[in-house]
Amino acid sequence: MAEMNTSLGARVETALTTKNPALRLALGACPLLAVATRAASSLGMGVATACALVCAALFGAIFGKITPEKGRLPVFLLICAAFAGAAHMVLQGWFPAVSEGLGLYAPMIAVSCLFLGGAGRIGEDGIGKALADAVGMGVGFICLMTALGAVRELIGCGTVFGAAVLPAGFEPMLMLAMPAGGFLALGLLMGVCNAVSGRNKKKGASA
Amino acid sequence: MSDFSRILLFLVSCVFTQNIVFARALGFTAMGDERRVETAAGYGLVVALAMTLSSALAWLLDMLVLVPAGMIHLRIVAFALAVLVAVWLVEKLAVAARPALAESLGGSLMPVAANCALLGIAVLNYEAGYTLGQAVLSGLFGGLGFLVAIVLMAGVQERLETSRIPETLKGMPIALISASLIALAFMGFTGIA
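Protein sequence lines, in the order shown, are assigned to chains A and B. Note that my numbering has the first sequence beginning at 1, numbered continuously upward. Note that my numbering has the second sequence beginning at 208, numbered continuously upward.
Hints in this document: simulated from the structure, not taken from any laboratory. Ideal Cβ positions, reconstructed from N, Cα and C, are used throughout, including at glycine. Keep in mind that a hint or two might mislead.
Non-contacting residues of chain A with respect to chain B, defined by C-beta distances greater than 10 Å in every case (computed) [unchecked claim]:
| no. | residue |
| --- | --- |
| 1 | E100 |
| 2 | D125 |
| 3 | P172 |
Computed, partial: chain B to chain A, Cβ under 7 Å [what the hints assert, rightly or not]:
| no. | residue |
| --- | --- |
| 4 | M317 |
| 5 | C323 |
| 6 | A335 |
| 7 | I384 |
| 8 | S387 |
| 9 | A390 |
| 10 | F396 |
| 11 | T397 |
Label pairs and their computed distance ranges (CB to CB) [to be verified]:
| no. | chain 1 | residue 1 | chain 2 | residue 2 | range |
| --- | --- | --- | --- | --- | --- |
| 12 | B | E334 | A | A168 | 45 to 55 Å |
| 13 | A | E171 | B | G398 | 19 to 29 Å |
| 14 | A | G126 | B | A303 | 47 to 57 Å |
| 15 | A | L8 | B | E374 | 40 to 50 Å |
| 16 | B | H280 | A | G71 | 21 to 31 Å |
| 17 | A | A10 | B | T397 | 48 to 58 Å |
| 18 | B | L339 | A | G71 | 44 to 54 Å |
| 19 | B | T338 | A | A168 | 31 to 41 Å |
| 20 | A | L188 | B | L281 | 31 to 41 Å |
| 21 | A | E69 | B | S370 | 34 to 44 Å |
| 22 | B | G313 | A | L23 | 11 to 21 Å |
If we strip away everything but chain B, and leave its shape as in the complex, we get (with noise of 0.2 Å):
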């Protein structure tokens, strides 16, 4: 298999496959908050960026710091302060490129370091033993994967806003329950790649 396929099925198998959200559980967080399709898309685009950072930081934190001077029990925290660093660059980044998409997101995106998404992947990175190229991908596509999920779920939540539910599955319950479906809606992707 030459290499570009290789990258395409790796592209799908994070994005369908093993949605970071759907399938992993993981960055739910920031679902539950009511958003537009539109700041939904620009959220999704500052953790998908935030993410391919955090992956190759993490990355090299743990290859050129932590193993060399025998601190693996420290792999939390360091990938915890890979995380915090990467949303900063990403803030300062989107502050100079993108003032709308800042201000749109309520100006400071430091909040977006609690999404345990970014953390997750830092994490998932290491237990698969990736090299940096293939660490940098995962987090590039694990942030694709959850762009779209971000994006489902602001669509499903703009059509529940007109629709009549039951008073106590209001805000997160209900938002939970459309996830459930979605998230068994992606498992018909299971064996494609």
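Only chain A is shown next, with the shape it has when bound in the complex (with noise of 0.2 Å):
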């Protein structure tokens, strides 16, 4: 049971740190792009992705293995779908704020889960090894969806989280805010996690 705990936590912390997720985390954080323009929002919208992506790996690992391969990706996106309109009606509800700051890309909600959860390889894996990937995932991609949300917002507005912390004379960068700013700071960011991993992936070879 302790052998298994482990290699759970192992993966929980592989799909949170290598084994490709960049990509991965980058192509859930696409169909956000629009939004993620404030620390706080993204955040939200972060662990709001985060929770559903959980709850649709679960029933994804359920359904995968009954589904016939080439359907597996029409179920998933169901799945997907029906956790994001949970997710949605729970940030109406009790979080208006970020609901409205997320308007009509609420149901790209689903599709970042498809990618995060891995759209191709649903169903090949156990439910307790689906849940552990979805855990990393989702953690990596409220890290990455908060740093989006933050830069985007300390260049495009002079606040994070709302408080000021440039001086009074910075001139925001409208840019920023508008989609263009977006594929912007999120390739950067990609490339400061490449070349962060990079580094570690050196240092492990020579150590």
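Both chains are given apart, each in its own frame, so use the hints to dock them into the complex.
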């Protein structure tokens, strides 16, 4: 049992750090790019997506076993859509500010989950492994969304989580709040992630 | 204004000023893969066709089933279903009419359903309160906007292949940064329609 716990923990960790999550995280972030302009609402959306992802992964693992391979993507998309709808209703009810920021991009949580869940591999792993993967991906996604929102908020309007951090003379760059700025910020963030993980790899190789 | 010029303005707005990829940041997920301009055009056509169909299906599903039955909270699932059915129909059509095209896109077109532009346009149509005709046009023109976007991106990526890119920016990061620059250029269209 202890062995199983450590292997699941390790799986959470690999999903969170190595194992090509950067690409999946970026693919998952794209649908929400337009609305990730503030740190607080990005954090909310990240949490909503992560929760939907964990639920979808659970059901994906269950249904993946009984669905033929060709039908897995459609089935998983519908499962993701169901939990995206649930997440949206929870946001609307309890966090109206986040829900308002999300606007008509709420259904995009479904597509984000689809990419984060690694649509092609659904049903290959057991329930435990799929859940561990989803938790790692979800936490990674929350970090990425918050970082993306914080950077865009900082440069786009000079605040972070609503608190002014830059001096009053700072001229906000509106571009960062637009989709163009979102593409740029996500691309550069991914570049930074690659640089850091590349350096870690080199360290590991020389040690 | 005549109907014709209104449709023309709507076309310009969907393809350029409100381009689904560059102005609404939807559907970029499909751009990360390296593509030639020709296969990108094929993929774009498939998406445009699927988008037109899914717009119509989503509208019909919403107006004929969800609203009368009082199940509007299931809209996201219903729209996802409309997208899946539309992509499945386009796949059948492509395999029958253009087997070479279907082959060049990797046999199965089902992954097209994971393109968030398809789900996005269905929601956009609903939010804008379009009629069936408007929704179909919005899907068609949105699809054309996507086609323009993916062909442009493929062209940029073909050029990037021969340029020296910092190791850490290869692949997705440089694709995102190029998209950002194209999006900036597209902002120049603001005000036309």
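Now for the hints, and whether the structure bears them out:
{"no.": "1", "hint": "E100", "result": "holds (13 Å)"}
{"no.": "2", "hint": "D125", "result": "holds (19 Å)"}
{"no.": "3", "hint": "P172", "result": "holds (17 Å)"}
{"no.": "4", "hint": "M317", "result": "holds (5 Å)"}
{"no.": "5", "hint": "C323", "result": "holds (4 Å)"}
{"no.": "6", "hint": "A335", "result": "violated (9 Å)"}
{"no.": "7", "hint": "I384", "result": "holds (4 Å)"}
{"no.": "8", "hint": "S387", "result": "holds (4 Å)"}
{"no.": "9", "hint": "A390", "result": "holds (4 Å)"}
{"no.": "10", "hint": "F396", "result": "violated (13 Å)"}
{"no.": "11", "hint": "T397", "result": "violated (11 Å)"}
{"no.": "12", "hint": "E334(B) / A168(A): 45 to 55 Å", "result": "violated (37 Å)"}
{"no.": "13", "hint": "E171(A) / G398(B): 19 to 29 Å", "result": "holds (23 Å)"}
{"no.": "14", "hint": "G126(A) / A303(B): 47 to 57 Å", "result": "violated (39 Å)"}
{"no.": "15", "hint": "L8(A) / E374(B): 40 to 50 Å", "result": "violated (33 Å)"}
{"no.": "16", "hint": "H280(B) / G71(A): 21 to 31 Å", "result": "holds (25 Å)"}
{"no.": "17", "hint": "A10(A) / T397(B): 48 to 58 Å", "result": "holds (50 Å)"}
{"no.": "18", "hint": "L339(B) / G71(A): 44 to 54 Å", "result": "violated (30 Å)"}
{"no.": "19", "hint": "T338(B) / A168(A): 31 to 41 Å", "result": "violated (49 Å)"}
{"no.": "20", "hint": "L188(A) / L281(B): 31 to 41 Å", "result": "holds (39 Å)"}
{"no.": "21", "hint": "E69(A) / S370(B): 34 to 44 Å", "result": "holds (39 Å)"}
{"no.": "22", "hint": "G313(B) / L23(A): 11 to 21 Å", "result": "holds (18 Å)"}
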